[in-house]
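Novice: Here's the letter readout for the chains.
Number of protein chains: 6
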Amino acid sequence: MNDIKDWYERPHPVTGERYIARDEPGYVDIPTFMRCPRPAAIGEADIAFVGVPYDGQATERVGARQGPRQIRDVSTTLRAINHATQVDPFALCRIADAGDVRLPRAFDVMDTIEDIAGFYRPLKAAGVIPLSAGGDHSISYPILKALAAEGPVGLIHIDAHLDLWDTYLGSRYHHGSQFRRAVEDGLIDPKRMIQIGLRGAQNTREGWDFQRELGIRGIYIEELREIGIEAAVEEARRIAGGGPVYLTFDIDALDPVFAPGTGTPEIGGITTFEAQQLLRGLRGLNFIGADLVEVSPPLDPSGNTALTGATLM
Amino acid sequence: MNDIKDWYERPHPVTGERYIARDEPGYVDIPTFMRCPRPAAIGEADIAFVGVPYDGQATERVGARQGPRQIRDVSTTLRAINHATQVDPFALCRIADAGDVRLPRAFDVMDTIEDIAGFYRPLKAAGVIPLSAGGDHSISYPILKALAAEGPVGLIHIDAHLDLWDTYLGSRYHHGSQFRRAVEDGLIDPKRMIQIGLRGAQNTREGWDFQRELGIRGIYIEELREIGIEAAVEEARRIAGGGPVYLTFDIDALDPVFAPGTGTPEIGGITTFEAQQLLRGLRGLNFIGADLVEVSPPLDPSGNTALTGATLM
Amino acid sequence: MNDIKDWYERPHPVTGERYIARDEPGYVDIPTFMRCPRPAAIGEADIAFVGVPYDGQATERVGARQGPRQIRDVSTTLRAINHATQVDPFALCRIADAGDVRLPRAFDVMDTIEDIAGFYRPLKAAGVIPLSAGGDHSISYPILKALAAEGPVGLIHIDAHLDLWDTYLGSRYHHGSQFRRAVEDGLIDPKRMIQIGLRGAQNTREGWDFQRELGIRGIYIEELREIGIEAAVEEARRIAGGGPVYLTFDIDALDPVFAPGTGTPEIGGITTFEAQQLLRGLRGLNFIGADLVEVSPPLDPSGNTALTGATLM
Amino acid sequence: MNDIKDWYERPHPVTGERYIARDEPGYVDIPTFMRCPRPAAIGEADIAFVGVPYDGQATERVGARQGPRQIRDVSTTLRAINHATQVDPFALCRIADAGDVRLPRAFDVMDTIEDIAGFYRPLKAAGVIPLSAGGDHSISYPILKALAAEGPVGLIHIDAHLDLWDTYLGSRYHHGSQFRRAVEDGLIDPKRMIQIGLRGAQNTREGWDFQRELGIRGIYIEELREIGIEAAVEEARRIAGGGPVYLTFDIDALDPVFAPGTGTPEIGGITTFEAQQLLRGLRGLNFIGADLVEVSPPLDPSGNTALTGATLM
Amino acid sequence: MNDIKDWYERPHPVTGERYIARDEPGYVDIPTFMRCPRPAAIGEADIAFVGVPYDGQATERVGARQGPRQIRDVSTTLRAINHATQVDPFALCRIADAGDVRLPRAFDVMDTIEDIAGFYRPLKAAGVIPLSAGGDHSISYPILKALAAEGPVGLIHIDAHLDLWDTYLGSRYHHGSQFRRAVEDGLIDPKRMIQIGLRGAQNTREGWDFQRELGIRGIYIEELREIGIEAAVEEARRIAGGGPVYLTFDIDALDPVFAPGTGTPEIGGITTFEAQQLLRGLRGLNFIGADLVEVSPPLDPSGNTALTGATLM
Amino acid sequence: MNDIKDWYERPHPVTGERYIARDEPGYVDIPTFMRCPRPAAIGEADIAFVGVPYDGQATERVGARQGPRQIRDVSTTLRAINHATQVDPFALCRIADAGDVRLPRAFDVMDTIEDIAGFYRPLKAAGVIPLSAGGDHSISYPILKALAAEGPVGLIHIDAHLDLWDTYLGSRYHHGSQFRRAVEDGLIDPKRMIQIGLRGAQNTREGWDFQRELGIRGIYIEELREIGIEAAVEEARRIAGGGPVYLTFDIDALDPVFAPGTGTPEIGGITTFEAQQLLRGLRGLNFIGADLVEVSPPLDPSGNTALTGATLM
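Those sequence lines, one after another, are chains A, B, C, D, E and F. Start counting the first sequence at 1; every next residue gets the next number (the numbering used here). Start counting the second sequence at 1; every next residue gets the next number (the numbering used here). Start counting the third sequence at 1; every next residue gets the next number (the numbering used here). Start counting the fourth sequence at 1; every next residue gets the next number (the numbering used here). Start counting the fifth sequence at 1; every next residue gets the next number (the numbering used here). Start counting the sixth sequence at 1; every next residue gets the next number (the numbering used here).
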């Protein structure tokens with residue numbers, strides 16, 4: 001316990017006094033994620049926040065490359081203990097801000113997939129669970145390449161869109177195809193994959209066909225409204241089962257009034273309260289990582305989309 | 001089928017290659033409504049999008065004259081096939097963008113009513129069903145003058161306000177009186193008229209009195225919350241019946257969080273999901289036209305109000 | 001009746017014609033609250049709108065000092081008669097805009113508490129019921145010092161936060177401690193106090209402890225979703241009972257999509273429709289005053305947060 | 001002197017203490033123009049601020065009807081004594097806020113022209129000099145109808161546009177023709193009329209022709225840059241001469257970076273510093289009134305355009 | 001003359017009446033560039049507006065892919081005849097809106113360069129002069145590949161940045177290297193190249209070295225302020241000479257207050273008035289095309305940056 | 001040289017590879033000021049960026065407490081080498097981000113003055129030159145208390161306001177009196193003090209009187225326009241002389257179009273180009289520290305005010 005407290009309580013570089021940055025008012029200090037330490041080496045952390053400032057595979061409006069910056073910024077207003085759980089995560093584990101993935105070849109789609117995957121491999125090797133912020137949704141694919149290298153994992157996928165489409169604008173890799181690629185590459189077990197909140201219209205039927213043919217469970221918004229969040233949680237737990245599972249949350253699963261700052265908003269989505277219920281309901285699963293993607297700051301300068309994203313994380 | 005495909009697949013003026021504009025990314029190309037063709041003559045179309053850039057009868061904050069422009073702009077991100085219906089409307093009929101109504105006497109209320117009605121008469125004569133975007137809500141009156149010239153029609157009216165008031169600021173014609181005028185002129189059958197989503201406060205009781213006296217069915221927001229959308233749909237179908245019916249949707253029926261860009265927002269409104277359910281539930285009625293009004297771009301530069309409007313259309 | 005009409009119908013200083021300012025279009029005239037008169041002396045009014053432009057005890061983002069100005073501005077679009085009640089409050093009582101509390105020592109926390117309390121004492125003496133707009137939530141404490149001087153009153157408190165915390169940044173007085181102070185000072189009877197909409201996370205547990213130890217009834221958002229608004233209303237009426245009661249509404253009780261313009265937004269809150277139901281359900285209680293606080297205009301230049309606030313008032 | 005001080009120092013309706021509203025922080029109190037008194041009758045004032053919330057003759061983007069409201073709002077941050085002149089206008093004359101012109105027939109162009117003129121006649125009769133805020137620029141015409149009823153006056157007109165065009169959209173009266181109409185009606189002496197800051201492009205040449213044929217002096221932006229503000233001031237003084245003169249300032253004379261909130265911005269305009277020099281240079285002329293028009297709040301929610309307008313006033 | 005008038009005056013698809021779209025109020029009609037016709041085939045036009053909705057080579061904040069859309073939108077408020085020149089370009093030549101370049105391989109940098117070049121070749125073959133709107137500044141390179149295929153041309157380059165840098169993020173092709181590539185490929189004659197408005201800081205010196213070594217004339221902002229616009233115009237005319245010359249205008253040459261909506265703003269830039277003087281001063285040169293780039297709508301939702309861009313075009 | 005390079009080139013906590021954070025694209029990484037290191041102890045740095053997130057002495061619109069956060073954010077787009085000087089400051093000295101001043105007693109004006117002063121004393125003791133970002137302008141007073149403890153220093157003060165006023169709202173200490181207090185306390189030598197850019201109007205004359213009586217040199221905006229920046233620079237160098245001098249820059253010295261995000265904007269100010277000239281002209285003086293204050297993010301969510309501020313720093 002002592003050394004968890006030491007993890008967060010560090011000396012100020014000017015005055016030398018030890019203090020917990022998270023306890024300052026929200027607008028104070030350099031914005032690491034929830035003002036967690038950014039350690040010299042990541043190995044001592046239990047959980048690491050990672051930013052992936054990349055939107056090179058977005059098909060419509062861009063800007064999600066600026067997402068990690070804004071999520072860090074607004075995350076500093078968040079507090080530790082939720083009334084419902086009365087759990088203080090900062091008393092239980094060492095959370096670090098691992099900084100951003102470096103992207104030295106950002107203009108090339110295939111090179112960047114490799115660069116992102118390469119960043120996650122040492123985290124996995126060190127046993128640090130990554131909590132990532134995008135960037136566009138394509139980043140889930142290289143993350144899974146690193147984390148699911150030893151065999152397919154389960155996937156809980158909360159989104160307005162299936163992201164199971166095929167080639168677009170000449171590329172097999174884009175932010176609407178990443179889970180098709182991940183299934184094809186054996187990174188995801190389609191029988192342990194569930195998609196919740198689906199509703200986006202499309203110009204072709206190929207994504208819906210792929211979903212049906214591989215037996216991926218999809219809870220469309222109409223079914224979700226019909227059965228309620230609690231039943232959706234149970235279904236997700238049943239599908240994901242006890243094995244390793246990855247969680248991916250596209251902010252556009254939310255209704256655009258809750259998350260206007262995203263590239264492809266779809267009206268008629270879930271509320272933040274429902275998203276909170278959904279995520280809290282998944283506690284206890286064997287998560288190997290999670291991401292929250294498609295927060296696009298230029299499309300919501302108020303930061304409210306990012307605040308929602310940060311709170312959900 | 002072939003000639004419907006030909007309708008949408010047209011040659012590029014520079015390269016000559018045939019392509020479907022709607023399949024490009026949303027930010028590409030000149031924004032006709034959903035990037036439908038703007039034909040040289042409207043007669044070949046089945047359905048025509050019409051803009052009515054007029055807010056000269058608005059009583060409070062103005063700006064709806066800019067609505068058609070912004071609705072066209074954001075409509076280009078919409079896609080064709082909805083997962084729920086799996087219907088592709090672009091495979092079934094020829095939709096055109098007929099441009100905007102011309103308003104050469106916009107400073108005069110009565111002349112403009114005549115100009116708008118005059119624009120819709122050739123559409124009706126050609127058997128083209130108009131799907132109109134306002135503009136303030138007063139435009140429904142001249143549209144009905146053209147479309148219901150042969151006798152009263154049914155009206156499904158989704159709105160926060162009754163729009164059954166009488167003279168205001170010295171004028172019998174304004175965006176709060178158009179359906180009183182239409183009933184008085186025999187364009188609407190009050191027994192086949194239903195109003196859904198009502199809730200706006202007023203300074204006099206005359207509108208409520210008119211509604212009650214003529215037997216117009218009103219579903220106020222409290223009743224709507226009580227009975228649910230499905231029952232409201234059934235009631236609307238019962239009231240409208242099998243005859244010709246016109247659909248009019250004031251964007252302020254939605255709660256202001258879904259549609260901030262409107263002149264007279266009223267809190268406590270319906271959600272976009274409910275609006276989608278409502279509209280989908282009305283399929284199969286004998287619609288002679290529809291409009292979506294009161295999208296006011298200066299009051300929502302983000303375009304999200306317009307996006308909602310365009311999606312509902 | 002006549003003299004109530006005279007209260008609102010006053011001569012224009014230029015033309016001398018008598019008119020009711022409230023009947024003008026919303027953008028016309030100097031924005032007093034709902035364009036009520038600002039009398040030369042307040043004693044003749046039944047109810048007085050009071051602005052408290054003070055945010056000197058806010059702990060995070062500031063700006064609520066500008067709240068009264070923006071609430072007045074948007075209030076001029078509101079109309080008198082609600083369809084549900086068909087009651088016209090302006091036919092029943094004389095409402096005045098009493099202007100803003102003067103704050104000649106605004107840099108000093110203790111002096112300002114005294115200045116605010118001093119402003120409300122003549123209102124109480126004259127039997128005028130104050131309807132106040134903040135400002136940060138700390139203003140409820142000096143208001144209660146004036147209104148509850150003769151003994152503890154009941155409190156209906158709608159908020160995302162408990163505001164029962166203790167010292168912060170070295171001060172016992174701030175916008176998260178005002179009701180702890182008011183209970184300690186005997187201004188509030190904790191047995192007649194209810195808090196609705198609670199959900200904000202915290203860094204310490206002291207507020208929750210205080211609530212439980214003093215037997216203050218808290219309806220957290222999860223319980224509220226479980227039991228519904230109607231049951232919450234009944235519970236509030238039961239707790240408040242027949243004695244004098246004060247109503248305090250922190251705009252952050254609402255979900256941030258309904259009220260983005262506030263200093264400490266918390267996702268997952270109530271809707272404006274629910275807030276309306278809640279407030280209408282409380283009619284008939286023995287209210288000695290009410291306030292609406294934490295509307296922060298710089299954080300929502302659209303004015304929609306203020307419009308929501310004004311409508312709820 | 002004493003009674004000028006009494007004019008501004010008035011008792012608070014609640015506490016009774018006498019105070020000068022203008023000395024409060026800018027965000028405090030009901031926003032009359034610069035927090036001047038709104039007297040029960042206007043006759044005692046020397047100068048009266050008048051709002052004309054009308055944009056019914058605007059040809060492009062509307063919203064100027066909301067101008068007086070926003071100008072009042074931001075005017076409360078202005079202070080009395082300018083360092084350059086060291087003159088305190090509030091020590092020299094009684095300034096009143098006369099409220100807004102009433103517009104009971106706002107949908108009719110000709111009726112409204114008469115209503116506005118009718119409002120200014122008692123002001124002229126009482127010897128009160130009106131300082132007006134638009135509204136669109138058409139309001140200058142009815143104001144001149146009242147103020148120049150006895151014979152043509154001089155006009156100093158600062159604007160990007162000539163406003164000497166003829167019929168548009170079927171109307172001879174609109175916000176681009178008002179000075180052509182005023183010259184034709186003998187309200188303005190074209191030989192004593194000067195236009196400064198002109199630059200807007202047009203689709204026809206009729207305005208330029210009218211200007212040249214009647215000998216109206218125009219200083220286009222290129223000449224203004226060539227000769228400098230000082231020479232323009234001298235030219236304006238020479239043209240206007242010693243007789244009665246009216247000053248009209250269209251906010252779009254300024255470059256759009258200084259005044260984005262206006263309906264027809266034209267790039268390449270003057271700076272606020274230049275505008276200040278220009279206006280200060282005109283002191284001592286025999287002004288019978290002045291207006292500032294075309295501030296359109298929906299197009300600049302920040303209020304900076306209005307602040308600029310209020311400062312210039 | 002007649003057939004130029006016929007070019008612009010076309011029948012409305014609904015009413016059949018002939019009208020000139022450009023003469024309607026600015027908010028009316030489908031926004032082609034300045035509401036020029038979009039012909040079925042481009043060959044009959046003299047000048048063609050082309051949109052290049054591409055920002056795949058931007059290094060910092062993105063969004064310029066949405067530039068052509070917004071420039072078209074605001075261009076419809078522009079009018080034909082400038083007071084200074086009294087020339088009506090629409091009376092002299094047929095201007096078309098050629099739509100947007102199609103980008104079917106947008107995720108690949110090299111393929112897209114080829115696709116853009118391929119679009120301009122038929123325009124050059126048909127003798128149509130292209131006036132292009134970006135998109136990021138990288139688009140000038142493929143345009144020059146098409147237009148300067150027969151030998152190096154002169155370049156007048158107005159920009160805050162040199163765009164002569166080398167490899168960045170692993171790519172030789174990006175929006176800071178396009179003119180280095182064009183010089184290397186023999187598309188530009190460095191002796192006939194001039195850069196005006198330069199001021200951006202950099203992390204390496206390679207761009208400045210390249211400029212100096214190849215003898216490219218650079219007018220940095222300090223020199224521009226020293227010598228004035230007129231002298232800069234003369235210098236540009238001297239450098240460009242009588243041969244074919246291309247004009248490229250990066251909106252970030254302007255000070256950010258005039259053009260906030262751009263990816264890499266640099267304070268201390270030129271004004272729009274200066275830009276207008278500069279461009280007007282270049283008339284009569286032998287232009288083979290021109291572009292205006294880096295207008296990024298998500299960074300300026302007001303559209304004022306785009307309006308400035310459109311006006312300059 | 002080597003160890004300066006080592007200062008900036010540090011290993012990534014995940015991959016271990018050494019890299020210079022400043023060379024990444026601007027949106028990457030945790031935003032320390034210009035992505036300088038935040039060392040464990042400050043003593044090794046030559047210059048330290050310090051944030052002072054405090055606006056508790058602001059008299060009008062607040063929000064400057066959020067200034068350091070936003071300045072850090074936008075500073076990451078800045079690059080090292082300016083073309084004019086060709087100097088790379090990062091090759092010459094070790095710059096650190098020292099984080100924010102801690103403010104554990106932020107509600108009390110006098111305690112906070114002491115807390116801020118206490119933070120700067122160890123910096124002075126270690127010989128680190130502080131470059132501070134406010135916060136409201138009151139922070140200069142405690143900074144000077146620490147840095148000028150041994151005797152009065154010179155002051156170059158760029159501002160729209162004198163900040164030499166006396167008591168306001170009952171407090172001698174506020175963001176309009178700090179330099180009066182500093183002169184009175186012997187921290188500033190009034191003969192070595194110069195104020196540039198002055199223009200704000202006031203309600204009393206006491207500030208101007210103090211300035212004149214103590215012989216403080218003031219260059220008002222009119223004189224500045226008259227004599228030009230170069231002469232102002234010379235005058236500032238002459239007044240400041242060779243002794244230790246402090247530089248303080250209130251962002252409202254700039255015209256509001258360059259810096260809308262500030263609490264008390266005054267039209268008619270200097271341009272960013274002039275500010276750059278001014279600051280570059282002061283190089284070589286014996287600076288003991290500098291600050292840039294009054295950047296208020298809620299009043300300019302675009303970040304352009306902060307970008308301007310960061311660039312000037």
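A few of these clues could be false.
[Unchecked claim] Residues from chain B that face chain C, not an exhaustive set, calculated with beta carbons under 8 Å:
no., residue
1, R79
2, I81
3, Q202
4, N203
Keep in mind that the hints were calculated from the coordinates and are not lab data. As the structure is a prediction and not an experimental result, all values here were calculated from the model. Ideal Cβ positions, reconstructed from N, Cα and C, are used throughout, including at glycine.
Novice: Hint by hint, note whether the structure agrees.
Specialist: Taking the hints in turn, this is what the structure says about them:
no.: 1; hint: R79; result: violated, 25 Å
no.: 2; hint: I81; result: violated, 29 Å
no.: 3; hint: Q202; result: holds, 5 Å
no.: 4; hint: N203; result: holds, 5 Å
Hints 1 and 2, counting from the list given before, are not met by this structure.
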